[in-house]
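There are 2 protein chains.
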Amino acid sequence: MKIRIYNAKILTLEDKREIFRGEIWIDGEYISYVGSNPTISGQQFDKEIDAEGNLIMPGFKNAHTHSAMTFGRNYSDTLRCEEWLNKVIFPMEAKMTPEHVYVLSKIAFLEYIVNGITACFDMYYESQSMSRLSEEYGFRTVLCGAINNFREKPETIEDAFLRYNNSHKFISYKFGIHAEYTTDLSILKKMSDLVHKYKEPFYTHISETEQEVSDCKRRYGKTPAELFDRIGLFDYGGGAFHGVFLTDEDLNIFKSHNLSIITNPASNLKLASGVAKICQFVEKGINVGIGTDGPASNNGLDMFKEMYLVSTLQKMINKDASVCPPEQVIRFATKGSAIAMGLNNCDTLSIGKCADVIMIDLKKPNMQPINNLENALVYSANPSNVLMTMIAGDIKYYKGKILIDEDIEALYSRAREIVKELA
Amino acid sequence: MKIRIYNAKILTLEDKREIFRGEIWIDGEYISYVGSNPTISGQQFDKEIDAEGNLIMPGFKNAHTHSAMTFGRNYSDTLRCEEWLNKVIFPMEAKMTPEHVYVLSKIAFLEYIVNGITACFDMYYESQSMSRLSEEYGFRTVLCGAINNFREKPETIEDAFLRYNNSHKFISYKFGIHAEYTTDLSILKKMSDLVHKYKEPFYTHISETEQEVSDCKRRYGKTPAELFDRIGLFDYGGGAFHGVFLTDEDLNIFKSHNLSIITNPASNLKLASGVAKICQFVEKGINVGIGTDGPASNNGLDMFKEMYLVSTLQKMINKDASVCPPEQVIRFATKGSAIAMGLNNCDTLSIGKCADVIMIDLKKPNMQPINNLENALVYSANPSNVLMTMIAGDIKYYKGKILIDEDIEALYSRAREIVKELA
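Protein sequence lines, in the order shown, are assigned to chains X and F.
Counted from 1, the first sequence has number 292 at position 292 by this note's numbering; the numbering is strictly sequential.
Counted from 1, the second sequence has number 1008 at position 8 by this note's numbering; the numbering is strictly sequential.
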């Protein structure tokens, strides 16, 4: 399938910071042209789309989520992180079957697609369900191990690593644990053995709450980052989610191992955890990605909301309206996330890169007048501005219609039943 | 015109907190029935709408905005409040004509309608332009004086008060000044004379920044609220916008005069001002409304974003995830705002009230599964969930289409020209 999208404003997110009027061609799964002066003669396209002056840009990469947690969306919204996990989430998750994970994740995947998200970094269980769904929907998924004391083992993680890194072009798998506070030292050490055996990066929730850090210090005399570093878990890079209470010393560890921090501001607010110090991370030269976290703690999967929060919360905590500008935040949500997820071929609109492309409506009143397009994307846009979502050259969403074969009413009905089964 | 909307979930926001399956009838500008067991026989409707199980609720009331400031949307997003006003906004506003205000406000009004907002409390100049637009679009507008040292006088305010409170059913006018820091004491005293002459409420920006409060204390030995109280400006009630740095003593003044506080969390974040202490206001029994502030400091006019921020920022600053729950925040954005604006007949879905009604799409993936509808409205919904906006029984927006006669491309083009004229 050869597609031409013309009459567009184009934000490539390549190093040179510019937005130009032009077009983009997609040949199969990849971008075959992007620019403003194509040689059209002799070209044959299967489909030509007039962007009508709207914006074409790389799709958002959601660098931290737990898609299957739609069961807990708007289910319990008054507890702090620790209480919420222990009293509500973990007991419900203990009853989950592979079919539950498959069905519940479908709703999240549909939401990603509608919201212009073309890939997710999904830390959860039941990789076979996630892998099946990713393949069926044609949605790019980086699976992340979520090992802890009560679910999965290093052996199952190794098995999943070997299986899902070679199962389908849209699926990859990274080593990960849930968090220090749910994972005994013996398991952490076994995970480190795996990291060294395969020379692979490692991912985990880290320093999400004050209590998590103080408990870890009490147990080990170290912050979670110091502990993981000492055990060698970060010897081949990787990254960590949340990082609200990282210390200066922790940041040095991130820098020295070239780790990414994936920030999740909406979830951190709603669970009353706090605000990550993004400006410090940037100052240190640490790569930053953005994630929505799961739908149970956010409760939407909307990268526009996250971008707005990343930028404006930094202004607030630094008491400085000039920090964390839009051009930086857009890069966190696309390139920064792609780097964190190991999706090095999906980050920009460039010839040969994956055709993970979205179209943003600039003609809704909320974007007008367009005084600065990058600012408009971060401060004014919302999911109603997503006109098209394309993954690997395949259009999944166009002008309000989901182009995936799914009985959506039946899906919602099954999800409602599942919530009752888990309660 | 008699309209029936059936097969709906209904959130009336009457005192009894319930959501039921039912229908609503609109006769002309008013609600003629709302409930679940209507006697249909003998009824004749001009239009019947199947809500398909979606939600019908009162429209959002945007209780603080400056609609015409679309000129400054995404124009300058790196300055703190004082700098931004003095270096960018005030010089541009000095060049504005009535035609500018009329055209620029159109974009904001269209955005309100698309986003489920059925009324706004608009503090700006050129009331004749705002009034004309409000009448043409059929959009409910409460105008608010914005007097200060360099624009408008008490005499023009009195004239506007007399003229625009009787000009059109959709328009009312309240006394107001821009803020203490832009208005000399002599003008404040003249405003107080007007307040007493007409026994009318009074509105103003208040304690938006730390600097505003400390400057006022230096000038008068009082906080802005104490100064206004001493001068008698609040003797007939009213309210104030922002209130980020109100003291306990200020709150006593608000309570004793039955004033409303209108909070604007997105604007306060982006200008690095801070977070208003909403929980304290509620504890004191002070009425709270929500506003977007103008499109130059937000930069969207989206009450879903504001509701999300009101709730989650309170959780963060109080380090308690249980505070400021959704059922409270939805009431701020509808009833609380209506009270602050004097729109006492537009607050709930009840027989005889104004038919200012919106329909919310519950079938987009972001709302599923619906474990709790109020939580979903605050934590998951966004403008893409607005299916219909009706003002005074007239449908202004339905399933993606703006039903107002407007050449939108020409409007955007003129707005772009105006930005150049003001720059």
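Hints are computed from structural coordinates only; laboratory data are not their basis.
Keep in mind it's a predicted model, so treat the numbers as computed, not measured.
Treat the hints loosely; a few may be bogus.
[Stated by the list, open to error] A short, non-exhaustive set of chain X residues, derived as facing chain F with CB atoms under 7 Å:
{"hint": "1", "residue": "Pro38"}
{"hint": "2", "residue": "Leu271"}
{"hint": "3", "residue": "Asn366"}
{"hint": "4", "residue": "Arg416"}
Virtual Cβ for every residue (Gly too), placed ideally from N, Cα, C.
These are the hints, each one checked on the structure:
The beta carbon of Pro38/X is not positioned within 7 Å of any beta carbon in chain F (closest approach about 26 Å), and the interface hint is therefore violated. A distance limit of 7 Å between C-beta atoms decides the matter here; for Leu271/X the minimum to chain F is near 6 Å, and the interface restraint holds. The interface hint given for Asn366/X holds, since its Cβ lies 5 Å from the closest Cβ of chain F, which is under the 7 Å cut-off. Among the interface hints, the one on Arg416/X holds; its C-beta lies about 5 Å from the nearest C-beta in chain F, closer than the 7 Å criterion.
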